[in-house]
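Participant: Sequence:
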Amino acid sequence: MFLTFLLDVKRMLPLEVALTFGVVLFALSWLRPRRLVSLPRTEYRARVLLVVGTAGAALIVLTASLMSAAAAFTYDASGYDGWWRRPAPLAVAVLIVLGAGVALARVPLPAPGDRALVPRQRWRAFLSPALLWVTGATTVLIAVTALWHTVIAVSAPRDASFFGQVPEYTSLPIFMNFNSGLGYVAGAGWPNHLATLIALPVAFVVLFAVLRADANRPLARSAAGTGGARADREATARILGLVLLAGLLATLGAVWMHVGAVGGSAVGLDDQWVTEDMSIPRLMIYGGYNEIARPLNLTGYVVQGAGVALALRLIVDMVRAAFAAGRTQAATPSTVETVR
Numbered sequence: 004m005f006l007t008f009l010l011d012v013k014r015m016l017p018l019e020v021a022l023t024f025g026v027v028l029f030a031l032s033w034l035r036p037r038r039l040v041s042l043p044r045t046e047y048r049a050r051v052l053l054v055v056g057t058a059g060a061a062l063i064v065l066t067a068s069l070m071s072a073a074a075a076f077t078y079d080a081s082g083y084d085g086w087w088r089r090p091a092p093l094a095v096a097v098l099i100v101l102g103a104g105v106a107l108a109r110v111p112l113p114a115p116g117d118r119a120l121v122p123r124q125r126w127r128a129f130l131s132p133a134l135l136w137v138t139g140a141t142t143v144l145i146a147v148t149a150l151w152h153t154v155i156a157v158s159a160p161r162d163a164s165f166f167g168q169v170p171e172y173t174s175l176p177i178f179m180n181f182n183s184g185l186g187y188v189a190g191a192g193w194p195n196h197l198a199t200l201i202a203l204p205v206a207f208v209v210l211f212a213v214l215r216a217d218a219n220r221p222l223a224r225s226a227a228g229t230g231g232a233r234a235d236r237e238a239t240a241r242i243l244g245l246v247l248l249a250g251l252l253a254t255l256g257a258v259w260m261h262v263g264a265v266g267g268s269a270v271g272l273d274d275q276w277v278t279e280d281m282s283i284p285r286l287m288i289y290g291g292y293n294e295i296a297r298p299l300n301l302t303g304y305v306v307q308g309a310g311v312a313l314a315l316r317l318i319v320d321m322v323r324a325a326f327a328a329g330r331t332q333a334a335t336p337s338t339v340e341t342v343r
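Quick note: to get the working numbering, add 3 to the position in the sequence shown (first position is 1).
None of these hints come from the bench; they were simulated from the model. Take the hints with a grain of salt, since some may be wrong.
Stated by the list, open to error - DEER-style ranges, computed between Cβ atoms:
#: 1; residue 1: 325; residue 2: 73; range: 28 to 36 Å
#: 2; residue 1: 115; residue 2: 81; range: 56 to 64 Å
#: 3; residue 1: 33; residue 2: 208; range: 29 to 37 Å
#: 4; residue 1: 204; residue 2: 137; range: 12 to 20 Å
#: 5; residue 1: 185; residue 2: 139; range: 51 to 59 Å
#: 6; residue 1: 112; residue 2: 150; range: 12 to 20 Å
#: 7; residue 1: 185; residue 2: 61; range: 43 to 51 Å
All C-beta atoms, glycine included, are put in the ideal place defined by N, C-alpha and C.
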């Protein structure tokens, strides 16, 4: 039954579209049915995070799917058309986290005389170490890949030989040497990766600022001594961290797919004619990092799908958490926060 489901997904959606692997990995994620997230007890905070984890995550899925479809079915006329498409899921995730931070800043503060005296918290105090490490590792992989693919790029002379998807000629450094000077392949350089490299520190700054502000939001004396305040902040940090991780994974997958596809270019020489209209090359010449290009490309499919699968799972688990919170509230009144 599960194999039939996978074959149906493959028939409906091309492999290049992020949603294809996303749906498959989302289905596999139910081997661990336990919820990834829970909602805070406070009503206003819970409403904000429910929107972030459902509508926000759905927007990441939509963006990753549309951008990957555009990359698969459009011709790269300039050699760097995809400069904005690859970091688009990450940019959307950053905007969602930023919007959540703005909304959480509207949580009313206790009166100055009613505030608890608590030590100042680090920005990551309520973020789980495992999620922090995975997010950091994903960020490093994107940065290393994009920087390496930028450094190896060169400008090409107008009369050079070009292979792969040949764009309109430009003097920008978007080309890689193909097989020690045999020719050039487009798709590298800062025009392709600058937006991605800029998005990474912006993502860190936004997550840092939002979590730091929430971790050090003043608490009422009545709430400071309970575990509920910490649980609420841990739930908040986890949801925002997972949203950002989904965008990072989708962007990492897109970068690896692009770098792998560009590096997998090949040229056939010394054709052997088998019929009057068909020939088979006797010798194939490959690019400089062909050994890792194909695995990198295929891994990119899976990683991009993992970002989409995480966002899909977050949507479902947020809804599950909302129903669980509703059942709990039926027995115990919740803490209500009003908006200033």
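Participant: If a hint holds in the structure, say so; if it does not, say that too.
Facilitator: Comparing the hints with the structure gives:
In this structure the hint that residue 325 and residue 73 lie 28 to 36 Å apart at CB holds, the actual value being about 33 Å. Here the CB-CB span from residue 115 to residue 81 is close to 58 Å, well matched to the stated 56 to 64 Å. Evaluation of the 29 to 37 Å hint for residue 33 and residue 208 yields a pass: the beta carbon distance comes to about 35 Å. Hint check: residue 204 to residue 137, Cβ distance near 18 Å, so the stated range 12 to 20 Å holds.
Distance hint for residue 185 and residue 139: a CB-CB separation of about 39 Å, inconsistent with the stated range 51 to 59 Å. Take residue 112 and residue 150: their Cβ atoms lie about 43 Å apart, and the range 12 to 20 Å is violated. At about 46 Å, the beta-carbon gap between residue 185 and residue 61 stays in the expected band of 43 to 51 Å.
Of the numbered hints listed earlier, those contradicted by the structure are 5, 6.
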